[in-house]
Amino acid sequence: MSWSRHEIAARVAWDIPDGAYVNLGIGMPTLVADHVPEGKQFILHTENGMLGMGRAATGDEVDPDLINAGKIHVTETPGAAYFDHAESFGMIRGRHLSYCVIGAYQVSQDGDLANWRTTSPTVIPGVGGAMDLAVGARHVFVAMDLFTRSGECKLVESCSYPLTATRCVERVYTDHGVFEPSADGFRVVELAGGVGIEALRECSGLDLVDAVAA
Amino acid sequence: MSWSRHEIAARVAWDIPDGAYVNLGIGMPTLVADHVPEGKQFILHTENGMLGMGRAATGDEVDPDLINAGKIHVTETPGAAYFDHAESFGMIRGRHLSYCVIGAYQVSQDGDLANWRTTSPTVIPGVGGAMDLAVGARHVFVAMDLFTRSGECKLVESCSYPLTATRCVERVYTDHGVFEPSADGFRVVELAGGVGIEALRECSGLDLVDAVAA
Amino acid sequence: MAVDKVVPSAAAAVADIGAGATVMISGFGPPGQPDLLIEALYESGVTDLTVINNNAGAGGEAISELFAAKRVRKVVCSFPKAIGSTVFDDLYLAGEIELELVPQGTLAERIRAAGAGVAGFYTPTGYGTELAEGKEVRVLDGRPCVFERPLIADFALVRAHRADTHGNLVYRKTGRNFGPLMAAAAEVTIAEVGGIAEVGAIDPETVVTPGIYVDRVVLGADAGAEDER
Amino acid sequence: MAVDKVVPSAAAAVADIGAGATVMISGFGPPGQPDLLIEALYESGVTDLTVINNNAGAGGEAISELFAAKRVRKVVCSFPKAIGSTVFDDLYLAGEIELELVPQGTLAERIRAAGAGVAGFYTPTGYGTELAEGKEVRVLDGRPCVFERPLIADFALVRAHRADTHGNLVYRKTGRNFGPLMAAAAEVTIAEVGGIAEVGAIDPETVVTPGIYVDRVVLGADAGAEDER
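Protein chains in written order, with this note's numbering: chain A, 1 to 214; chain B, 1 to 214; chain C, 1 to 229; chain D, 1 to 229.
With the rest of the complex left out, here is chain A (with noise of 0.2 angstroms):
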């Protein structure tokens, strides 16, 4: 059966040490907070300037100046900073954030990813952080579907959609497994239970190299 949002996000959160420092992006990426392991540790970043963000606020904890990168009311954890863009962004591109999580509309073998805007010429583009985070961070880690609503794999071999950045992407995490971008192909290191690698290859049209741990 394949994995749920929350499974595919406590995978992701599994992967990333104890005290590390992390970007995570709107959607799914946003669920991995909800599912750090006991015993770890994550400081949440925030490109609007904030490290150690804390969860969404409710009622009276809401402050009309704390929001987050999606606009969204946040809260502050002990040992929280604030800072400006310049610092925030110079943080992300100086490699100083050791993972973030995205989504994706497409990522290639090769590692490209595409995420911030399909090709339609009546949806306005608009880029955020979203190529500061890929060419920055340490390690940059995919969380989606596998497939687009209308059956598409979103793991291709080489993107159709605008680029985000080249070469960045290290792991996808989906609800079919997790998937590493290399020279030979997608190497597959995981699969949710009943998942074929066969029916994967063939639904993808891909390569697919077995990684899958014994």
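Treat the hints loosely; a few may be bogus.
In silico DSS-like cross-links for lysine-lysine, where the CA-CA straight-line distance does not exceed 27 angstroms [to be verified]:
no., chain 1, residue 1, chain 2, residue 2
1, D, Lys74, D, Lys135
2, B, Lys71, D, Lys81
3, C, Lys81, C, Lys70
4, B, Lys71, D, Lys74
5, A, Lys71, C, Lys81
6, C, Lys135, C, Lys81
7, C, Lys135, D, Lys135
8, D, Lys81, D, Lys135
9, D, Lys70, D, Lys81
10, C, Lys74, C, Lys135
11, C, Lys74, A, Lys71
None of these hints come from the bench; they were simulated from the model.
Given chain A, put chains B, C and D in place with the hints provided.
Frame of chain A; chains B, C and D shown alone:
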């Protein structure tokens, strides 16, 4: 009679407007702070990370963590701010500092400045913040004696000492008068009492332009 | 004379922003957005502006009004899409506004470069993407990088938490964002603040924007009795 | 596990600094100089160092000892001349140490660039002088500028006023100087501090160096009973 060091400093202070952000070099330029005309306030910058520097500290005022760029213990004035070296020199290079007043070995009639090293092979070179201040401050004023101890004029056609920056000096305040580099040679803006322009032309070998206000 | 940068009204503070001016506006979402100054800019009737902001009309009515009234010729931003507003979208799709889209970190760094006198820099961000098309690329330490230039403005409108009369500023939480960068990058910087203190009331160790970068200080509409002088 | 970057001794903190390492040392004069860490570095016996510091042995005995013992192969600084010390001068004139002289603002900006992932930049500083000889020059906005590269280090030894256990740092007065820049520019950053507080004890608004840049925290010799935990 030629001007004293204090008279030169007072003359510089006269030309700096109220509310200016000013960096004062070591030596004669430092004296400018002692001659701020009544009704004016200068906000002093020291490149080791402070705005709102006060006078030299004495007795109990000495704080081991509070020195100026000359490594002298100083005081803090109301409205002071501390910042790091990148901010301090960004402030300088970004043309936020309205005035800097510095000493010089030589100033050329094009406004080139030589003030960081002589050509002696046994002297250790050290540049500090001289080059940054010379290119960055909106108005670069030089305060110096017009002649070296051995009688050579420090205003020159072109500098023989290593340059600090090209075409940066706006005015030169000396014991014999005030000079401005210009395309036509040095303009003599003001002369100390008893100093004749003809005599200066003779000593200096320069084509001085008489621009003394009638 | 004692330095005092406090201006009596937002209207007076923005009065010399003329047609064709380039104006930076701080803020990321509502935090850090100078609402009163943006409103005063709108009321002034000024046209043909170039606006540098992280967004393009998101996070506040005042800034959306400015766009809706077609006072903005061009916007430089990282994320023009606004939740709950189609003002920019409609103008853009109708070809009535120019958009320069810049990755958020490059936007911040270009503004920082303007303030810090850095004439240009190389960044890995954007390499190989359509946002770097036509830009110079150079391989440095084995990594292809894109050449970027400073973003300078005639005016910066920034929002801070408190000021003193010298224009020293402190911010509050994620309201800091672009404020300190923009304050340094414009010829004239106008700060809207939640409170104004006498000089000396802000701990010199905690000042974020030193007064050297600030030309005018205006009390925000929300400040009310918060003027501490 | 709760994040805790406090290391029991300066000796332990510098133990992995090996021969040939590039080490940044904060300080401008005595303020901001990590005396205990420099002493521990000296005691460790490590050789063949490249030191990046504003000076070269000025402002403290510990750093002069390091030079005098010929442990430093090269120094990158803006002002090697020390008042009351000829240690560096003698080595330099004897050709026993390499000197890379950098204008102070360019030194700061190159360190800042390393920390902020800027691969290179153009500055007007130094143009037309012997310190720019051999460097690429480019005219930008009508002004000739010099191309400069980031200064990266293996280790940074910085001095701060206080830390919390996450490595968040605050500085004191002109002791701030190069500390925040160097902390971000090195692979491993070790902070010597005057006091260590529990996490949460430092106001998040006043943190100057966020803990993300700091790997190890050591209590300075002067701190004594100032450990607030």
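Pair hint outcome, Lys74 (chain D) versus Lys135 (chain D) [Cα-Cα no greater than 27 angstroms]: 20 angstroms, holds
Hint consistency between Lys135 (chain C) and Lys81 (chain C) [alpha-carbon to alpha-carbon, up to 27 angstroms]: 24 angstroms, holds
Pair hint Lys135 (chain C) and Lys135 (chain D), alpha-carbon separation not exceeding 27 angstroms: At roughly 22 angstroms apart (the allowed maximum being 27 angstroms), Lys135 (chain D) and Lys135 (chain C) satisfy the hint.
Given hint Lys71 (chain A) paired with Lys74 (chain C) - CA-CA distance at most 27 angstroms: 24 angstroms, holds
Hinted pair Lys81 (chain C) and Lys70 (chain C), Cα distance within 27 angstroms: Given pair Lys81 (chain C), Lys70 (chain C) holds - Cα atoms ~17 angstroms apart, limit 27 angstroms.
Given hint Lys135 (chain D) paired with Lys81 (chain D) - CA-CA distance at most 27 angstroms: 24 angstroms, holds
Pair hint outcome, Lys71 (chain B) versus Lys81 (chain D) [Cα-Cα no greater than 27 angstroms]: 13 angstroms, holds
Holds or violated: Lys70 (chain D) to Lys81 (chain D), with C-alpha atoms at most 27 angstroms apart: 17 angstroms, holds
Satisfaction of hint between Lys81 (chain C) and Lys71 (chain A), Cα-Cα up to 27 angstroms: Answer holds: Lys71 (chain A) to Lys81 (chain C) is near 13 angstroms, not above 27 angstroms.
Given hint Lys74 (chain D) paired with Lys71 (chain B) - CA-CA distance at most 27 angstroms: Holds: Lys71 (chain B) and Lys74 (chain D) sit about 24 angstroms apart, inside 27 angstroms.
Proposed proximity, Lys135 (chain C) with Lys74 (chain C) (alpha carbon, max 27 angstroms): Distance of about 20 angstroms is within 27 angstroms: holds.
In summary, this structure violates none of the numbered hints.
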